[in-house]
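Novice: Sequence:
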Amino acid sequence: MPEKVLDLFDQMNIQPDQVGFNTLFSACAQLGNDRAKEIGRKLLDQMPKHFHNDNVLLNSATYMLMKFGDIENAENFFQMMKKKNIITYGAMMKGYVENKMYDKALDLFEQMPLNPNNVIHIIVFNACAQLGNDRAKEIGRKLLHQMPKHFHNDNILFTSAIYMLMKFGDVENAENLFQMMKKKDIITYGAMMKGYVENKMYDKTLDLFEQIPFALQNTSYTIIFNACAQLANDRAKEIGRKLLDQMPKHFHNNNVLLTSAIDMLMKFDDVQSAEKLFRMIEKKNIVTFGAMMNGYNINNEPLKCLQLLEDIKQHGLILNECVSIILINACARLGMISKCQLVIDQVPSYLYNNQQIRNSLIHMWGKAGSVDNAQKIFQSIDNPDVVTYNAMINAYGLNHMGLEAVDLYRKMPHHLRDEVTYVCVLNGCSHSGLLNEAHSIFNEIPQKNKQVIATMVDCLSRLYIFDEAQKLIDNYEKSNPPSPVMYTAILSGARNSHQHILSKKIYDRMKILFPDEKETLKSGSILLCNTYSSVGDYQEAVNIRSKRIRELGIKVKPGVSWTEFNGEILEFKVNDRSHPQSKEIHAKAKYISGVLIKYGYNYDSSWITRPLREDETIESVLCTHSEQLAIAYHFVQQENPKFIQITKNLRVCGNC
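Numbering (our numbering), first residue to last: 295 to 950.
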C-alpha cells in the first residue's frame, strides 16, 4: 500500500531515519506517479550526508530513480558509491532492463568484478532474451554454461533461461533444460508454451498444454488461446472452445485474457460467440475494441468493424496507432471512397506523420480505386520504406495500371525489394495482361519463394497459358511440398476460359495432394462446379455441389455488393429482397436490362451457375445479381446519383 506510506510520511513532523528513507524510496519506486517523483527527489536532496555510505539505502535510491526513468541521476548515484555490492549492480542492471536499455545492462554485467548470484543471472538472461543479437547469444549461452550447479534447483532462474533460449530460437536446448527440471511449476510450463508460440510451433504448445498437471493461470489461458487462434484447425477449435467453457468465472474480469479469447473465436470464424464474449466485458478498453474490429475484418465484415467506431467514442476512448490501422484496413476491404475520407477524419492528427499509418492509407486508397489520393500520400513521404513502395505498386496493380506498377518497381532501390515487392509487381502485370514484363521481372528475381512462383502461376493462368504454369509447378515440386494456392490459380483460369476437362483434372489432383485442407477443396469445388455450369453441363455441376455439401460441409461465404447513398452503406446479396424498396429495385434492374438489350447487349449465360427454372430466363437470373441490384437501387431514389460506386467481398461476376 505505497500510497498510504506516503500519506503517513506527509503527517510526520520528524526526519525519517535510514529505515524510513529506505521504505519511502521503495514506496515511491512502486508508485512512479508525479506525487511519488516529487517526494522521492525531495527526500534525496534532504538525505543527510552520513547516509551516503549506506549501501542498502543508496541501492534503494538508485532503483527508485530507475523506476522514474531518470537514468542519468541513477548513474550518478551509482558512480558515487565507493563500495558497490552485488545488489548495487543488480539494481542498476534491472533498471536498465526495465527502461529497455538492454545493451547497457550487458555492458555493466561485463564490468562487474563480482561473481553473479541467481538474481543477476535472471536479469542478464532477460536482457539477452530481449536483445537476441549475436552478442546477447554469446553472453547468455556462456553464462548458462558456467552457471554453478547449486543454482540448478532455482525454478525462477531456469524459467528465465528457458525463455532466453526460446527467444534465441534455440528450441532444442530450451527443451533439454525443461526436461532437466525436477519440480516444474505452472510458470515453467508457461515459459515453454510461450516460447513454442513465438517460434510458431503451435502444435507443440497444445501438446505441452495437455501434459500440464496444474490448474492454469490467466497467462496460460492467453498463451493457449493464441496457439489455437494461429492453428484454427479441428484440434485447436476443440481445445480452445473446451478451455473457454471450463474457464473459472473469476477470470471473466480479465481483459487481456478475454481479448485473446475473442481473437481466437474470430480466427475460428465464430463471429457470433466472439460478439457474445465482447458484450460480457464490462470495462472495454481500446485493445478489446481492436481485437473485435480486427476479427470483423478477418471475417470479411468491414461494415461491423466501422460501426464499432461510434462505440469507441461513446466509451471516451482515443484511437491508437493499431486500431487506426484496423479501421483503415476495414475501409480498404469495403472500398468506399466516402467512408475512407470519413475514417481519415477520425484518426488523431498526431498519427498523420506515422509511416505505418501512411502506408495503410496508400493501400486503402488503392483498394478504393482512388489512385490519385494514394499517389499524393506516396509523394509526401520523404523516405519511403519497402512497405511504402509495395503499397503503391499494389495500388497501381489493383487498378489495372500495370505499366505504372512496373515503372515504380524499376525506380525502387534494389536493396529495398523483398518477396512482397515481387508479388505486388507480378500481380500488377497479371491484372493488366503484361506477359513480357512479367517474364522479365520473374527471371530477374534472385530467389523465388512459394508466393512469388504462385503469383507467376496466377499471371500465366489468367492469360490461359496453362502448360507454362504447370511446368512452373512441376519444377517447384521437385524440391518443395505442393502448394494449394498454385493449383487454385490454374483452376480459376480454367473456369474463366471454360475448360472443364482441365478443371476436373486439376481438382482431382488437389484432392490427392491436399486431402485435409477443407477450405481449399471447398473453394476448388466451387470453381469446378462453376466451370461445368459455364459450358451448360448443369447436371454435373449439381453432382459436384451435392458431393461438396456431403464431404466438405455446406458453409460457403456468400457474395455481397456494397454501395453508399447519403452516408449510409447498403449491402445486397443475389436476388436480395430484404430492402424496403425491393419491389422498385427489381423493377428498375429489369428496366435497365431491357435498355441494355435494346442497344445490343447480350447476356453471358456462362456466368449462370445452376439450372434455370421454368419461370426463369438468362436475363432474369443475371439481372438479379447483387452488383446489378446495387446499381438499380441508386436509380429508384428521388435524388439522381452523381457518382455510383459498387464494391464486392468476392470477385465480380464476369457478366456484371
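Read the hints as simulated data drawn from the structure, not as lab findings.
Incorrect hints may appear among the rest.
[What the hints assert, rightly or not] No farther apart than 25 Å at their CA atoms in a straight line, the calculated lysine-lysine pairs in the PhoX-like style are these: (1) K476 / K498; (2) K431 / K394; (3) K799 / K812; (4) K377 / K343; (5) K705 / K742; (6) K498 / K478; (7) K798 / K867; (8) K867 / K536; (9) K598 / K851; (10) K398 / K376; (11) K744 / K812; (12) K443 / K477; (13) K812 / K942; (14) K877 / K867; (15) K798 / K816; (16) K851 / K936; (17) K841 / K884; (18) K477 / K498; (19) K799 / K867; (20) K841 / K882; (21) K531 / K570; (22) K851 / K570; (23) K892 / K877; (24) K798 / K841; (25) K598 / K578; (26) K841 / K851; (27) K331 / K343; (28) K494 / K812; (29) K892 / K851; (30) K298 / K336; (31) K742 / K494; (32) K531 / K851; (33) K798 / K744; (34) K578 / K543.
Novice: Does each hint fit the structure? Answer for all of them.
Specialist: A quick look at each hint next to the structure:
1. The hinted pair formed by K476 and K498 meets the criterion: a straight-line CA distance of about 21 Å does not exceed 25 Å.
2. A threshold of 25 Å between alpha carbons decides the hint, and for K431 with K394 the separation of about 17 Å falls inside it, so the pair holds.
3. Simply put, K799 and K812 have alpha-carbon atoms about 18 Å apart, close enough for the 25 Å limit, and the pair holds.
4. With a C-alpha separation of about 16 Å, the suggested pair K377 and K343 falls inside the 25 Å cut-off, and the hint holds.
5. Straight-line distance between C-alpha atoms of K705 and K742 comes to about 21 Å, which keeps the hinted pair within the 25 Å bound.
6. Among the hinted pairs, K498 with K478 is consistent with the structure: their alpha-carbon atoms are about 17 Å apart, no more than 25 Å.
7. For the hint linking K798 to K867, the alpha-carbon distance of about 29 Å lies beyond 25 Å, and the restraint is violated.
8. Proposed proximity of K867 and K536 is contradicted: the alpha carbons are some 35 Å apart, above 25 Å.
9. Between K598 and K851 the alpha-carbon distance is near 16 Å, which keeps this suggested pair within the 25 Å criterion.
10. Proximity of K398 to K376 is assessed by CA-CA distance (about 20 Å); at most 25 Å being required, the pair is judged to hold.
11. Simply put, K744 and K812 have alpha-carbon atoms about 21 Å apart, close enough for the 25 Å limit, and the pair holds.
12. Under the criterion of a C-alpha separation no larger than 25 Å, the hint pairing K443 with K477 is consistent with the structure, at around 16 Å.
13. A C-alpha spacing of about 24 Å is found between K812 and K942, which places the hinted pair at or below 25 Å, so the restraint holds.
14. For the given pair, K877 sits about 15 Å from K867 by alpha-carbon distance, which is consistent with the 25 Å threshold.
15. At most 25 Å may separate the alpha-carbon atoms for a hinted pair to count; K798 and K816 meet this at roughly 14 Å.
16. With a C-alpha separation of about 32 Å, the suggested pair K851 and K936 falls outside the 25 Å cut-off, and the hint is violated.
17. A hinted pair counts as satisfied when its Cα atoms are at most 25 Å apart, and K841 with K884 does not qualify at roughly 34 Å.
18. Distance restraint check for K477 and K498: the Cα-Cα separation of roughly 21 Å lies within the 25 Å cut-off, and the hinted pair is therefore satisfied.
19. Note on K799 and K867: the hinted pairing is violated, with a Cα-Cα distance of about 32 Å set against a maximum of 25 Å.
20. With a C-alpha separation of about 37 Å, the suggested pair K841 and K882 falls outside the 25 Å cut-off, and the hint is violated.
21. Between K531 and K570 the alpha-carbon distance is near 17 Å, which keeps this suggested pair within the 25 Å criterion.
22. Straight-line distance between C-alpha atoms of K851 and K570 comes to about 21 Å, which keeps the hinted pair within the 25 Å bound.
23. Of the pairs offered as hints, the one joining K892 and K877 holds, with about 23 Å between alpha carbons and a cut-off of 25 Å not exceeded.
24. At most 25 Å may separate the alpha-carbon atoms for a hinted pair to count; K798 and K841 meet this at roughly 14 Å.
25. Note on K598 and K578: the hinted pairing holds, with a Cα-Cα distance of about 17 Å set against a maximum of 25 Å.
26. As the CA atoms of K841 and K851 are separated by approximately 18 Å, the hinted pair is consistent with the 25 Å bound.
27. At most 25 Å may separate the alpha-carbon atoms for a hinted pair to count; K331 and K343 meet this at roughly 21 Å.
28. For the hint linking K494 to K812, the alpha-carbon distance of about 22 Å falls within 25 Å, and the restraint holds.
29. Between K892 and K851, the direct Cα distance comes to roughly 35 Å. Violation of the 25 Å bound is thereby established for this hinted pair.
30. The suggested pairing of K298 with K336 holds, with an alpha-carbon distance near 18 Å, which does not exceed 25 Å.
31. Between K742 and K494 the CA atoms are separated by roughly 23 Å; this keeps the pair inside 25 Å, and the hint holds.
32. Restraint check: the Cα-Cα separation between K531 and K851 comes to about 19 Å, which is no more than 25 Å; the hinted pair holds.
33. Straight-line distance between C-alpha atoms of K798 and K744 comes to about 24 Å, which keeps the hinted pair within the 25 Å bound.
34. Distance restraint check for K578 and K543: the Cα-Cα separation of roughly 17 Å lies within the 25 Å cut-off, and the hinted pair is therefore satisfied.
Violated hints for the displayed structure, listed by number in ascending order: 7, 8, 16, 17, 19, 20 and 29.
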